[in-house]
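Using the sequences and the hints given, assemble the complete structure.
Just so you know, the protein sequences line up as chains A and B, in that order.
When the count follows this note's numbering, it moves up by one through the first sequence with no breaks and lands on 1772 for the last residue.
When the count follows this note's numbering, it moves up by one through the second sequence with no breaks and lands on 1772 for the last residue.
Worth double-checking, as some hints may not be accurate.
Since the list gives no way to pick one copy over another, a pair counts as held whenever it fits inside one copy or between any two copies.
Within a straight-line C-alpha distance of at most 35 Å, the following computed DSBU-like cross-link-like pairs (lysine-lysine) qualify [as the list claims (entries may be wrong)]: (1) K1723 x K1555; (2) K1755 x K1365; (3) K1656 x K1726; (4) K1726 x K1555; (5) K1656 x K1723; (6) K1563 x K1453; (7) K1453 x K1755; (8) K1355 x K1770; (9) K1555 x K1756; (10) K1555 x K1740; (11) K1563 x K1656; (12) K1365 x K1499; (13) K1740 x K1521.
Simulated from the structure, these hints should not be mistaken for lab results.
Below, each chain spelled out in residue letters.
Number of protein chains: 2
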Amino acid sequence: MNKLADTIQKKPWLGWLLFLGTLGAVFLLGLFATSISERRLESKKSFEWITPIGEQESDSAVWGKNFPREYDSWKATQDTSFKSKYNGSTMIDMLEINPRLVVLWAGYGFSKDYNQGRGHYYSVTDIRNTLRTDETAPGTCWTCKSSNVPRLMNHLGVADFYKDTWMHLGPEITNAIGCLDCHDPKTLNLRISRPALVEAFQRQGNDIKKATHQEMRSLVCAQCHIEYYFKDDGKYLTLPWDRGTTVEAMEAYYDEYQFKDFTHKLSRTPIVKPQHPDWETFQLGIHAQRGLACADCHMPYRSEGGVKFSNHKVQSPLNNIANTCLVCHRESEETLRNSVYERQDKISELRTRAEDLLVRAHIEAKTAWDLGATTQEMEPILAFIRKAQWRWDFVAASHGASFHAPLESARILGNAIEQAGQARLSLVRVLSKHGKTDAVALPDISTKAKAQSYLGLDMPSLKKKKEAFRQETLPQWENKAN
Amino acid sequence: MNKLADTIQKKPWLGWLLFLGTLGAVFLLGLFATSISERRLESKKSFEWITPIGEQESDSAVWGKNFPREYDSWKATQDTSFKSKYNGSTMIDMLEINPRLVVLWAGYGFSKDYNQGRGHYYSVTDIRNTLRTDETAPGTCWTCKSSNVPRLMNHLGVADFYKDTWMHLGPEITNAIGCLDCHDPKTLNLRISRPALVEAFQRQGNDIKKATHQEMRSLVCAQCHIEYYFKDDGKYLTLPWDRGTTVEAMEAYYDEYQFKDFTHKLSRTPIVKPQHPDWETFQLGIHAQRGLACADCHMPYRSEGGVKFSNHKVQSPLNNIANTCLVCHRESEETLRNSVYERQDKISELRTRAEDLLVRAHIEAKTAWDLGATTQEMEPILAFIRKAQWRWDFVAASHGASFHAPLESARILGNAIEQAGQARLSLVRVLSKHGKTDAVALPDISTKAKAQSYLGLDMPSLKKKKEAFRQETLPQWENKAN
Chain A
1291 MNKLADTIQK
1301 KPWLGWLLFL
1311 GTLGAVFLLG
1321 LFATSISERR
1331 LESKKSFEWI
1341 TPIGEQESDS
1351 AVWGKNFPRE
1361 YDSWKATQDT
1371 SFKSKYNGST
1381 MIDMLEINPR
1391 LVVLWAGYGF
1401 SKDYNQGRGH
1411 YYSVTDIRNT
1421 LRTDETAPGT
1431 CWTCKSSNVP
1441 RLMNHLGVAD
1451 FYKDTWMHLG
1461 PEITNAIGCL
1471 DCHDPKTLNL
1481 RISRPALVEA
1491 FQRQGNDIKK
1501 ATHQEMRSLV
1511 CAQCHIEYYF
1521 KDDGKYLTLP
1531 WDRGTTVEAM
1541 EAYYDEYQFK
1551 DFTHKLSRTP
1561 IVKPQHPDWE
1571 TFQLGIHAQR
1581 GLACADCHMP
1591 YRSEGGVKFS
1601 NHKVQSPLNN
1611 IANTCLVCHR
1621 ESEETLRNSV
1631 YERQDKISEL
1641 RTRAEDLLVR
1651 AHIEAKTAWD
1661 LGATTQEMEP
1671 ILAFIRKAQW
1681 RWDFVAASHG
1691 ASFHAPLESA
1701 RILGNAIEQA
1711 GQARLSLVRV
1721 LSKHGKTDAV
1731 ALPDISTKAK
1741 AQSYLGLDMP
1751 SLKKKKEAFR
1761 QETLPQWENK
1771 AN
Chain B
1291 MNKLADTIQK
1301 KPWLGWLLFL
1311 GTLGAVFLLG
1321 LFATSISERR
1331 LESKKSFEWI
1341 TPIGEQESDS
1351 AVWGKNFPRE
1361 YDSWKATQDT
1371 SFKSKYNGST
1381 MIDMLEINPR
1391 LVVLWAGYGF
1401 SKDYNQGRGH
1411 YYSVTDIRNT
1421 LRTDETAPGT
1431 CWTCKSSNVP
1441 RLMNHLGVAD
1451 FYKDTWMHLG
1461 PEITNAIGCL
1471 DCHDPKTLNL
1481 RISRPALVEA
1491 FQRQGNDIKK
1501 ATHQEMRSLV
1511 CAQCHIEYYF
1521 KDDGKYLTLP
1531 WDRGTTVEAM
1541 EAYYDEYQFK
1551 DFTHKLSRTP
1561 IVKPQHPDWE
1571 TFQLGIHAQR
1581 GLACADCHMP
1591 YRSEGGVKFS
1601 NHKVQSPLNN
1611 IANTCLVCHR
1621 ESEETLRNSV
1631 YERQDKISEL
1641 RTRAEDLLVR
1651 AHIEAKTAWD
1661 LGATTQEMEP
1671 ILAFIRKAQW
1681 RWDFVAASHG
1691 ASFHAPLESA
1701 RILGNAIEQA
1711 GQARLSLVRV
1721 LSKHGKTDAV
1731 ALPDISTKAK
1741 AQSYLGLDMP
1751 SLKKKKEAFR
1761 QETLPQWENK
1771 AN
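See below:
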């Protein structure tokens, strides 16, 4: 440095050069810093309160005044177009494309009506319109459908909310699943608003408040995307997790309580209908094992004007591979899509085999009853059917199971296939004892209509009743709400 | 630069500084280059011929003089210690730990003796000693066991090699699987030495010579680690790939030829015994789909003194996670090991279910035959058993299937379970028609000895015969060889 000083002393223009160069560099640095702080400011803006949010604010539009990006993306759940091999369009009629389901759920609402789920935006619309809801439904049915629920639960008390009727609570339910369901209106932190999940954690000796942020990015979804049942006459929403969350652990739980959702109309099997054990299945797959949360793929981060936010258009990652899979994987979109399709195809194959065997088992059991089989003869058979159907439906009902945990899904279906086979094997013996030595012929259940007619479902009258509800009751509900 | 020249002209010591600095930098660069060229030289050394290798050189020790690292690591296949949940020690007696296998292979050599495979080093030793080889075995049995085979095939002609007897060729077979089996002795390039694979490619209209180096790093393994059969009386080693390499495609091939490896001793089912469709299964898993070759995980690259070479101690990657899985995956060894174990556990569960059903099906079929069932009654049943056993054994026989392609393995086993169930269902009807209306009791097959005794296998005499072979024939073979 002394030599440099020496040189500069002898050549003053060199010093000027250095001085001006430094000035230029500092100026550029200043520009850069301004750009950063501008972006910071912009990103802070989204946390500047334009409108305060009430503690029970169920209208997501009010939240949206403060959080336009999250709100806009939430609103985008209106768009139900879907890139998937099995879900090409909107709200597929699942009974139409797979009439076996009608027989498998004979005696339960799902055999009347079961459509592909749509975005959160439609949660209230769709539950109002399905043939599965009527005056017999309890208040519990609203639990997962609306951001009005936290206020109602607070007002009525949780147990009384569940005990109420779906019809009586109807006018109070106006908003679809929205901001309040997962966020604290003061801090915006993720928050569990539904008691069933908190209670399930408590019964296992865990405190859900200790969950990390990354865990919460799955647990807020797990408020609804889990297996649950309506306990006892109070229809208290309960998660069957006390022995664990695997298919076997939950089965053991239900068996201990001798719980059933319905008695199968044909086979008279006491059936547990899995809801959508999505979170439970996800835990058993590689993505959860490597630390991912639901939101990582279903609500990926997005940047707009320097603001990073979670895309609240909850949807299949297949609709958005670039911002989900490609964050970690280096393959082309097409390669990754085909990898998903391959998993879906293999699970679909096993699922169809299980369904085919189970349909036959139900119909053969009905034949055995008709021929005078005794309860004693039928009990072990119905136990196998119950086991097989629980397993089959666990995979069938779990959204994305074939991707979330393909091997576990295959294992479960392999067991379902075995148990359905065992049921049918015993049925051959019982049928033969009652004079039926050849195969039981299958009725024509090749379409939804034929399968429903085989079950004696009076679909025109069910549809008429729902139409009356839409014409007469719904306007009253909306009047009361306004 | 003009200004710098100006300055230097006015201050000559500055020029000297620049000159000496450059000198120093050039000197350091020279040192670095020397180090690189030394390492290059060292790495070239392994390709300097110390001893020429003959065109049919079957003694790997001769190759080893030129390639000591590859040879040393090949010799290390003597070490058969194994880190795996299911393979804790050396050469497990598979029939002892799973006596169901004895029943499943009744009527075939595998029910006499079936041990866990050992390293390439033991290939000749183990085939000599197994109870499965005797004077009835054809020459074909040697094909995959020794680096003497290329010379013999060249000398005798391929078809005549196969047609020869195992006993007659015995004295010629002295070297275990080694260098010549996969390498060209002139260029050291990977080379296919066995005709069956080349012929299978040809029949599909493909030229194996066009394979890339990375493909060859699997295809040299696929010379033996594939499904094959001995065609017709000439026992011509043939790959059943003409319709494809999936479990269904190969089944269709065998069905077309009405091929069977043996008739099951109990059920009289014409059974195809899969060998080890390792390459075929691997193709259906994620690692092959993402471009990996067998050698990537079973012969990972290693560096010694600047020389990079493939570790020829072919073994399970679980024995060497640091140099295999961890090349791509960022998890801990324990996490990765547990991920493998989880896959193995799930497949093992389905496999056991399939085995249990199949054992019962074979025994129930025997009972039906004993009671006078007709061929017409039994044919559809045996067709189901054949299908189920082909699928079960496809997974059971394929080394590492539960890791290479877990979901495909589960899919195959799910189908096996279904088909075995179908067989048993039909058996109940046939049995009942012939007076047997209750369940067929299982014999005691709880140990290998009990299962073998149930089949009427005279194990002491088989062992005595093999002992005589060891005492009398083997020394003669070795005399002739020397």
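Q: Check K1755 against K1365 for me: Cα-Cα at most 35 Å, and say if that holds within a copy, between copies, both or neither.
A: Within one copy, since 31 Å is at most 35 Å while 80 Å is not.
Q. Quick one: K1656 to K1723, C-alpha cut-off 35 Å, is that within a copy, between copies, both, or neither?
A. So K1656 and K1723 pass the 35 Å test inside a copy (15 Å) and across (23 Å) alike.
Q. Is it within, between, both or neither when you check K1740 against K1521 at 35 Å Cα-Cα?
A. within (34 Å within a copy, 51 Å between copies)
Q) Can you tell me if K1453 and K1755 fall within 35 Å by alpha carbon in one copy, between copies, both or neither? A) Result: close within a single copy only, 24 Å intra versus 79 Å inter.
Q) Between the shortest in-copy and the shortest cross-copy C-alpha distance, which are at most 35 Å for K1555 and K1756: within, between, both, or neither? A) within (23 Å within a copy, 63 Å between copies)
Q: Since the copies are identical, ignore which copy is meant and state whether K1726 and K1555 lie within 35 Å (CA to CA) inside a copy, between copies, both or neither.
A: Answer is both; intra-copy 21 Å and inter-copy 32 Å each pass.
Q. For the identical chains here, do K1656 and K1726 meet the 35 Å Cα criterion within one copy, between copies, both, or neither?
A. both (12 Å within a copy, 25 Å between copies)
Q: Go through the copies and call it for K1563 and K1656: within, between, both or neither, with a Cα cutoff of 35 Å.
A: Intra 20 Å, inter 40 Å, cutoff 35 Å: intra-copy only.
(Q) For K1365 and K1499, with the copy left unspecified, which applies at a CA distance of at most 35 Å: within, between, both, or neither? (A) within (29 Å within a copy, 58 Å between copies)
Q) Can you tell me if K1355 and K1770 fall within 35 Å by alpha carbon in one copy, between copies, both or neither? A) This pair counts as within: shortest intra-copy Cα distance 26 Å, inter-copy 94 Å.
Q | Homo-oligomer pair classification [K1453, K1563; C-alpha up to 35 Å] | A | within (21 Å within a copy, 61 Å between copies)
Q | Within, between, both or neither: K1723, K1555 at alpha-carbon 35 Å | A | So K1723 and K1555 pass the 35 Å test inside a copy (23 Å) and across (31 Å) alike.
In this structure, none of the earlier numbered hints is contradicted; all agree with it.
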